[in-house]
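**Q** Sequence:
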Amino acid sequence: MTAIQWSDGAPIYRQLKERVVAMMLDGVLKPGDALPSVRQVAAEYQLNPITVSRAYQELADEALVEKRRGLGMYVTEEASRKLLMNERERFLHEEWPLVLERIARLGLRTEELLGGVSNGNDKADAP
1 MTAIQWSDGA PIYRQLKERV VAMMLDGVLK PGDALPSVRQ VAAEYQLNPI
51 TVSRAYQELA DEALVEKRRG LGMYVTEEAS RKLLMNERER FLHEEWPLVL
101 ERIARLGLRT EELLGGVSNG NDKADAP
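Residue numbering for the sequence shown follows the UniProt record's numbering, starting at 1 and increasing by one per position.
Treat the hints with care, since some could be wrong.
Unchecked claim - In silico lysine to aspartate or glutamate, DMTMM-like type, Cα no more than 25 Å apart, as pairs:
| # | residue 1 | residue 2 |
| --- | --- | --- |
| 1 | Lys-30 | Glu-77 |
| 2 | Lys-67 | Asp-33 |
| 3 | Lys-67 | Glu-44 |
| 4 | Lys-67 | Glu-78 |
What the hints assert, rightly or not - With beta-carbon atoms standing in for the labels, derived distance ranges:
| # | residue 1 | residue 2 | range |
| --- | --- | --- | --- |
| 5 | Gln-57 | Leu-84 | 20 to 28 Å |
| 6 | Gly-72 | Leu-114 | 40 to 48 Å |
| 7 | Arg-105 | Arg-39 | 47 to 55 Å |
| 8 | Pro-31 | Ala-104 | 39 to 47 Å |
Note that these hints are calculated values from the structure, not bench results.
What you are looking at is a predicted structure, and each value in this text was computed from that prediction instead of being measured.
Glycine included, every Cβ here is placed at the ideal spot set by N, Cα and C.
Using the sequences and the hints given, assemble the complete structure.
**A** Set out below in structure tokens:
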């Protein structure tokens, strides 16, 4: 795992879980890969092992990882598909309506959105 900056806005176990999910979505953790052990993560980030266990348990509850007795936690084969589907659904229902609202508020046209960002220095804008 990489360096993590914990924020006060959410419980650490949830932030850790979201970091592991991001690693799965980014392809850093692939199906069949082992997660670092609870003890390893707890020591590396100076966390209580119970905090790490709680994050890992939520991942297991969502069938993103599976426990292999005596071996640890492993990313499931369907984790990437599930995560991508969930993230797309969340984007379309939570984020996209806010983006559309902002586009309407700013009075942006489709051509402006598809054509890229104008900095106001374009030759076409010159008098």
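**Q** Taking the hints in turn, state whether each one holds.
**A** Cross-check of the supplied hints:
Restraint check for Lys-30 and Glu-77: the C-alpha separation of about 8 Å stays at or below 25 Å, so the hint holds. For a cut-off of 25 Å, the pair hint linking Lys-67 to Asp-33 stands: about 12 Å separates their Cα positions. The hinted pair formed by Lys-67 and Glu-44 meets the criterion: a straight-line CA distance of about 21 Å does not exceed 25 Å. For the hint pairing Lys-67 with Glu-78, the CA-to-CA distance comes to about 15 Å; that is within 25 Å, so the pair holds.
Between Gln-57 and Leu-84 the CB atoms are about 22 Å apart, so this pair conforms to the stated range of 20 to 28 Å. Our hint of 40 to 48 Å for Gly-72 and Leu-114 holds, since their Cβ atoms are close to 47 Å apart. The beta-carbon spacing between Arg-105 and Arg-39, approximately 50 Å, falls within the hinted interval of 47 to 55 Å. Taking 39 to 47 Å as the suggested C-beta distance range, the pair Pro-31 and Ala-104 conforms, at roughly 40 Å.
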